[in-house]
Amino acid sequence: GNSVTQMEGPVTLSEEAFLTINCTYTATGYPSLFWYVQYPGEGLQLLLKATKADDKGSNKGFEATYRKETTSFHLEKGSVQVSDSAVYFCALSDDVGGSNYKLTFGKGTLLTVNP
Amino acid sequence: NAGVTQTPKFQVLKTGQSMTLQCAQDMNHEYMSWYRQDPGMGLRLIHYSVGAGITDQGEVPNGYNVSRSTTEDFPLRLLSAAPSQTSVYFCASRLGGQRFSEQYFGPGTRLTVT
Chain W
9 GNSVTQMEGP
19 VTLSEEAFLT
29 INCTYTATGY
39 PSLFWYVQYP
49 GEGLQLLLKA
59 TKADDKGSNK
69 GFEATYRKET
79 TSFHLEKGSV
89 QVSDSAVYFC
99 ALSDDVGGSN
109 YKLTFGKGTL
119 LTVNP
Chain A
2 NAGVTQTPKF
12 QVLKTGQSMT
22 LQCAQDMNHE
32 YMSWYRQDPG
42 MGLRLIHYSV
52 GAGITDQGEV
62 PNGYNVSRST
72 TEDFPLRLLS
82 AAPSQTSVYF
92 CASRLGGQRF
102 SEQYFGPGTR
112 LTVT
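If you read the sequences in order, they're chains W and A. Counting in the numbering used here, the first sequence runs from 9 upward without gaps. Counting in the numbering used here, the second sequence runs from 2 upward without gaps.
Wrong hints could be hidden among the right ones.
[Said to hold, decoys possible] Here are the simulated EDC-like pairs of lysine to aspartate or glutamate, each with C-alpha atoms no more than 16 Å apart in a straight line:
1. W:Lys-60 x A:Glu-31
2. W:Lys-110 x W:Glu-84
3. W:Lys-115 x A:Asp-57
4. W:Lys-60 x W:Glu-71
5. W:Lys-85 x W:Glu-23
6. W:Lys-110 x W:Asp-92
7. W:Lys-64 x W:Glu-84
8. W:Lys-68 x W:Glu-24
9. W:Lys-76 x W:Asp-62
10. W:Lys-110 x A:Glu-31
11. W:Lys-110 x A:Asp-39
12. W:Lys-76 x W:Asp-92
13. W:Lys-64 x W:Glu-50
14. W:Lys-76 x W:Asp-63
15. W:Lys-60 x A:Asp-57
16. A:Lys-10 x W:Glu-50
17. W:Lys-115 x A:Asp-39
18. W:Lys-115 x W:Glu-24
[Unchecked claim] Label-pair ranges, simulated between beta-carbon atoms:
19. A:Gln-18 x W:Asn-122: 21 to 31 Å
20. A:Ser-19 x W:Ala-25: 43 to 53 Å
21. A:Gln-99 x W:Glu-84: 40 to 50 Å
22. W:Lys-68 x A:Thr-6: 18 to 28 Å
[Said to hold, decoys possible] Stretch-level coverage of chain W by chain A, calculated; a stretch enters the list once three of its residues show a Cβ under 8 Å from a Cβ in chain A:
23. 17-27
24. 68-80
Just so you know, these hints were derived from the structure itself, not from any lab. Ideal Cβ positions, reconstructed from N, Cα and C, are used throughout, including at glycine.
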């Protein structure tokens, strides 16, 4: 079956530090890959996505590249801000039969950025 | 668009009570899902639906029922609440038939069972 493994954290950084959150996956088909973010007290929202190998998703200074050869989709940001403090989820969407594309989530990584 | 709405935001139940968590979306999405979020466990899929009249079980369906009579609504029923069902519940929706479609989440319902 499909699975997503991401570093569990928590991750604590100082403002302007470099961020990497690792994510690797296993999938039976050719998945699309996503990063979702959950701010305190809120639901999840899409941060970025990539739909094919070597695609780079980017948004709000965050980037992730779909690496088929290493089955990875690591999230990076060059300079984090206090407002980036949140839980980050890696996810994949793959065909489970016909056109029924199911989302599989990693367990989430809590990021805290200190001023 | 209101997106995905959930009610109530907070609920406290006693063991054995029943209740329904409401979920509605106004984006005409075919797919709707219910997740529970527990510390250290991430998001776990309870039930999902690929269209009106069609539902299926996810990873942790025991103790929960769903139905999908309209495209817009996807209520989650707890038949006899147990302390193990204390959690934050999220409803989500997305366009069907596309592996790259974004999933939209509601704001969540925080349920405590005593």
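Hint check:
Using a Cα cut-off of 16 Å, the hinted pair Lys-60 of chain W and Glu-31 of chain A is violated, with the two alpha carbons roughly 24 Å apart. A hinted pair counts as satisfied when its Cα atoms are at most 16 Å apart, and Lys-110 of chain W with Glu-84 of chain W does not qualify at roughly 25 Å. Between Lys-115 of chain W and Asp-57 of chain A the alpha-carbon distance is near 22 Å, which puts this suggested pair outside the 16 Å criterion. Proposed proximity of Lys-60 of chain W and Glu-71 of chain W is supported: the alpha carbons are some 15 Å apart, at most 16 Å.
For the hint linking Lys-85 of chain W to Glu-23 of chain W, the alpha-carbon distance of about 12 Å falls within 16 Å, and the restraint holds. Restraint check for Lys-110 of chain W and Asp-92 of chain W: not satisfied, since their Cα atoms lie roughly 28 Å apart, outside the 16 Å limit. Between Lys-64 of chain W and Glu-84 of chain W the CA atoms are separated by roughly 11 Å; this keeps the pair inside 16 Å, and the hint holds. Taking the CA atoms of Lys-68 of chain W and Glu-24 of chain W, the gap is near 14 Å; set against the 16 Å cutoff, the hint holds.
Of the pairs offered as hints, the one joining Lys-76 of chain W and Asp-62 of chain W holds, with about 7 Å between alpha carbons and a cut-off of 16 Å not exceeded. Using a Cα cut-off of 16 Å, the hinted pair Lys-110 of chain W and Glu-31 of chain A holds, with the two alpha carbons roughly 13 Å apart. A distance of roughly 20 Å separates the Cα atoms of Lys-110 of chain W and Asp-39 of chain A; the hinted pair therefore is violated under the 16 Å criterion. Between the alpha carbons of Lys-76 of chain W and Asp-92 of chain W the distance comes to roughly 28 Å, so the proposed pair goes past 16 Å and is violated.
Taken as a hint, the Lys-64 of chain W and Glu-50 of chain W pair is broken in the structure, with Cα atoms around 26 Å apart against an allowance of 16 Å. With a C-alpha separation of about 10 Å, the suggested pair Lys-76 of chain W and Asp-63 of chain W falls inside the 16 Å cut-off, and the hint holds. Straight-line distance between C-alpha atoms of Lys-60 of chain W and Asp-57 of chain A comes to about 28 Å, which puts the hinted pair past the 16 Å bound. Between Lys-10 of chain A and Glu-50 of chain W the alpha-carbon distance is near 11 Å, which keeps this suggested pair within the 16 Å criterion.
At most 16 Å may separate the alpha-carbon atoms for a hinted pair to count; Lys-115 of chain W and Asp-39 of chain A meet this at roughly 10 Å. Restraint check for Lys-115 of chain W and Glu-24 of chain W: the C-alpha separation of about 26 Å exceeds 16 Å, so the hint is violated. Remark: the range hint 21 to 31 Å for Gln-18 of chain A to Asn-122 of chain W is contradicted by a beta-carbon distance near 42 Å. Checked against the hint of 43 to 53 Å, the pair Ser-19 of chain A and Ala-25 of chain W passes, with Cβ atoms roughly 48 Å apart.
The hinted range of 40 to 50 Å is not satisfied by Gln-99 of chain A and Glu-84 of chain W, whose Cβ atoms lie roughly 26 Å apart. At about 25 Å, the CB distance of Lys-68 of chain W to Thr-6 of chain A agrees with the hint of 18 to 28 Å. Here the stretch 17-27 of chain W counts 0 residues with a CB under 8 Å from a CB of chain A, which misses the bar of 3, and the coverage is violated. Counting residues of the stretch 68-80 of chain W whose beta-carbon sits less than 8 Å from any beta-carbon of chain A gives 0, not enough to reach three: the coverage restraint is violated.
Of the numbered hints listed earlier, those contradicted by the structure are 1, 2, 3, 6, 11, 12, 13, 15, 18, 19, 21, 23, 24.
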